[in-house]
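Chain by chain, the residues run as shown.
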Amino acid sequence: MTTNSTAAATPAGTPVRLWDLPVRLVHWSFVIGIGLLWWSAENHRMDLHFKVGLVMLGLVVFRLLWGLVGSSTARFASFVKGPAAIRAYLAGQKAGTAAHVVGHNPLGALSVIALIGVLVLQIGLGLFAQDTDAVNSGPLNFLVSYDLAVEISEIHEAVFNVILGLAGLHIAAILYYRFIRHDNLVSPMLTGRRVFTEAVTTPRIASLWLALVCAVLAAALAVWVSWGLPPFATPFPWDRPAAAAAMPDASSYM
Amino acid sequence: MSKPIKLALAALLLPAAALAGAAAAASGPSPIYKLRHDNFEAMGRAMKGTFDQFKKSSPSIPAIQANANALAAAAIKVKGHFPKGTGPQAGVKTEALPAIWERPADFAAAADRLVSATKGLQAAVATGDLAKIQPAAGAVGGSCKNCHDTFRKAKA
Numbered sequence: 051m052t053t054n055s056t057a058a059a060t061p062a063g064t065p066v067r068l069w070d071l072p073v074r075l076v077h078w079s080f081v082i083g084i085g086l087l088w089w090s091a092e093n094h095r096m097d098l099h100f101k102v103g104l105v106m107l108g109l110v111v112f113r114l115l116w117g118l119v120g121s122s123t124a125r126f127a128s129f130v131k132g133p134a135a136i137r138a139y140l141a142g143q144k145a146g147t148a149a150h151v152v153g154h155n156p157l158g159a160l161s162v163i164a165l166i167g168v169l170v171l172q173i174g175l176g177l178f179a180q181d182t183d184a185v186n187s188g189p190l191n192f193l194v195s196y197d198l199a200v201e202i203s204e205i206h207e208a209v210f211n212v213i214l215g216l217a218g219l220h221i222a223a224i225l226y227y228r229f230i231r232h233d234n235l236v237s238p239m240l241t242g243r244r245v246f247t248e249a250v251t252t253p254r255i256a257s258l259w260l261a262l263v264c265a266v267l268a269a270a271l272a273v274w275v276s277w278g279l280p281p282f283a284t285p286f287p288w289d290r291p292a293a294a295a296a297m298p299d300a301s302s303y304m
Numbered sequence: 018m019s020k021p022i023k024l025a026l027a028a029l030l031l032p033a034a035a036l037a038g039a040a041a042a043a044s045g046p047s048p049i050y051k052l053r054h055d056n057f058e059a060m061g062r063a064m065k066g067t068f069d070q071f072k073k074s075s076p077s078i079p080a081i082q083a084n085a086n087a088l089a090a091a092a093i094k095v096k097g098h099f100p101k102g103t104g105p106q107a108g109v110k111t112e113a114l115p116a117i118w119e120r121p122a123d124f125a126a127a128a129d130r131l132v133s134a135t136k137g138l139q140a141a142v143a144t145g146d147l148a149k150i151q152p153a154a155g156a157v158g159g160s161c162k163n164c165h166d167t168f169r170k171a172k173a
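As given, the protein sequences belong to chains A and B, one line each in that order.
Counting in this note's numbering, the first sequence runs from 51 upward without gaps.
Counting in this note's numbering, the second sequence runs from 18 upward without gaps.
Simulated from the structure, these hints should not be mistaken for lab results.
Cβ atoms here follow ideal geometry from the backbone N, Cα and C, with glycine treated the same way.
Treat the hints with care, as some may be off.
[Claimed, not checked] Far from chain A by the CB rule (all over 12 Å, computed), these chain B residues:
id : residue
1  : Leu52
2  : Lys94
3  : Phe99
4  : Gly104
5  : Ala140
6  : Leu147
7  : Ala148
8  : Gly158
9  : Ala171
10 : Lys172
[To be verified] Cut-off 27 Å, straight-line C-alpha distance, at most; resulting in silico cross-link-like pairs (DSS-like, lysine-lysine):
id : chain 1 : residue 1 : chain 2 : residue 2
11 : B       : Lys162    : B       : Lys73
12 : B       : Lys110    : B       : Lys162
13 : A       : Lys101    : B       : Lys73
14 : A       : Lys101    : B       : Lys170
15 : A       : Lys101    : B       : Lys136
16 : B       : Lys96     : B       : Lys51
17 : B       : Lys170    : B       : Lys73
18 : A       : Lys101    : B       : Lys96
19 : B       : Lys96     : B       : Lys162
20 : B       : Lys149    : B       : Lys51
21 : B       : Lys110    : B       : Lys172
22 : B       : Lys110    : B       : Lys136
[Said to hold, decoys possible] Label-pair ranges, simulated between beta-carbon atoms:
id : chain 1 : residue 1 : chain 2 : residue 2 : range
23 : A       : Gly85     : B       : Val109    : 51 to 59 Å
24 : A       : Ala283    : B       : Asp55     : 54 to 62 Å
25 : B       : Pro115    : A       : Trp277    : 38 to 46 Å
26 : A       : Phe286    : B       : Ala140    : 39 to 47 Å
27 : B       : Ala90     : A       : Leu157    : 21 to 29 Å
28 : B       : Pro115    : A       : Phe282    : 17 to 25 Å
29 : A       : Phe286    : B       : Lys162    : 26 to 34 Å
30 : B       : Lys170    : A       : Leu114    : 12 to 20 Å
31 : B       : Glu58     : A       : Asp233    : 52 to 60 Å
32 : B       : Ala59     : A       : Val170    : 47 to 55 Å
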């Protein structure tokens with residue numbers, strides 16, 4: 051067993067805390083959220099679609115913040131690598147000389163970036179999208195023209211297929227690891243822990259208080275966006291005239 | 018020309034003639050389906066234009082007025098856009114339900130309600146008072162829903 055001065059090591063055979071609680075909660079919330087967003091869009095439950103979309107906005111903002119200040123295995127800076135590192139990793143895998151990667155490996159990092167990136171894109175598009183009646187619309191739809199919103203809505207619909215493709219690739223990779231490499235990736239994403247066959251550097255797990263601060267910031271940002279970015283283009287809800295405040299949303303008329 | 022060559026020529030030219038005919042038909046007056054679709058789209062556009070203003074910090078009355086006028090102009094056309102034989106049984110892609118032709122009096126009443134609601138909105142806009150304009154726009158929305166509930170295919 052080797053140790054160094056900056057990071058503790060966990061001996062072989064001892065469970066390592068790999069994924070912290072926020073990472074796991076966000077991961078499985080994405081799974082449920084994507085399912086609900088698909089279902090509510092297909093069934094024209096736009097009220098539910100907007101609520102879940104707002105939660106997803108908060109979650110993805112949280113995940114971006116957590117990628118900057120969270121646990122070592124959650125940080126983008128610790129797992130996002132360049133093409134050279136990816137090639138080196140693949141060569142090591144092929145030769146069977148590679149050390150165990152604690153966290154996302156350089157190739158898997160691309161999948162993480164693609165999945166989070168496409169969620170950011172999809173949520174961003176959804177904020178401006180509208181349905182055929184042009185009144186059942188995202189919270190920032192009022193900032194764009196009818197024609198632009200039609201384009202955005204079409205892209206919003208198409209990007210869902212990209213999400214399906216990436217999620218399919220993600221699941222295929224997990225099945226490959228499970229059945230070809232005999233490596234269960236699902237269980238650590240549930241329990242947060244996994245056992246390595248050699249001593250590894252112990253990930254540094256960030257405080258849940260820090261997670262709470264990030265969650266509050268992310269939730270505040272999501273609520274602010276859902277209000278239409280007051281006070282720039284629209285007043286804060288409590289500053290709206292009584293007639294506007296009493297008025298049902300346009301979508302309830304369609 | 019021998020008979021087989023004539024036949025071959027005809028086989029080549031007939032589809033071309035059919036295509037030319039179709040192109041001529043397409044460039045003629047818009048079929049009623051397109052007219053009424055575009056009319057409803059114009060209303061959707063004007064509804065968005067109206068409700069967008071309500072969200073803004075300082076709603077523009079002239080902008081609401083332009084949209085109210087567009088709504089009123091489109092509303093009066095609705096009743097005439099559904100002649101007999103232009104429903105789903107005609108084999109075209111339409112969200113119009115057969116109920117439009119089965120219950121013509123109810124459909125006419127729903128269309129009239131839209132017309133009077135859009136006139137009500139124009140009247141409210143003329144006062145320049147948002148407290149009057151917003152409920153009037155709500156009444157237009159209510160008349161859209163009133164008709165959609167019965168006469169438009171549920172969104173699939």
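Hints, verified against the model:
no.	hint	verdict
1	Leu52	holds, 17 Å
2	Lys94	holds, 18 Å
3	Phe99	holds, 18 Å
4	Gly104	holds, 19 Å
5	Ala140	holds, 16 Å
6	Leu147	violated, 6 Å
7	Ala148	violated, 4 Å
8	Gly158	violated, 3 Å
9	Ala171	violated, 8 Å
10	Lys172	violated, 5 Å
11	B/Lys162 with B/Lys73	holds, 24 Å
12	B/Lys110 with B/Lys162	holds, 21 Å
13	A/Lys101 with B/Lys73	holds, 22 Å
14	A/Lys101 with B/Lys170	holds, 26 Å
15	A/Lys101 with B/Lys136	violated, 35 Å
16	B/Lys96 with B/Lys51	holds, 15 Å
17	B/Lys170 with B/Lys73	violated, 33 Å
18	A/Lys101 with B/Lys96	violated, 37 Å
19	B/Lys96 with B/Lys162	holds, 16 Å
20	B/Lys149 with B/Lys51	violated, 34 Å
21	B/Lys110 with B/Lys172	holds, 13 Å
22	B/Lys110 with B/Lys136	violated, 31 Å
23	A/Gly85 with B/Val109: 51 to 59 Å	violated, 35 Å
24	A/Ala283 with B/Asp55: 54 to 62 Å	violated, 30 Å
25	B/Pro115 with A/Trp277: 38 to 46 Å	holds, 43 Å
26	A/Phe286 with B/Ala140: 39 to 47 Å	violated, 31 Å
27	B/Ala90 with A/Leu157: 21 to 29 Å	violated, 59 Å
28	B/Pro115 with A/Phe282: 17 to 25 Å	violated, 48 Å
29	A/Phe286 with B/Lys162: 26 to 34 Å	holds, 29 Å
30	B/Lys170 with A/Leu114: 12 to 20 Å	violated, 41 Å
31	B/Glu58 with A/Asp233: 52 to 60 Å	holds, 54 Å
32	B/Ala59 with A/Val170: 47 to 55 Å	violated, 34 Å
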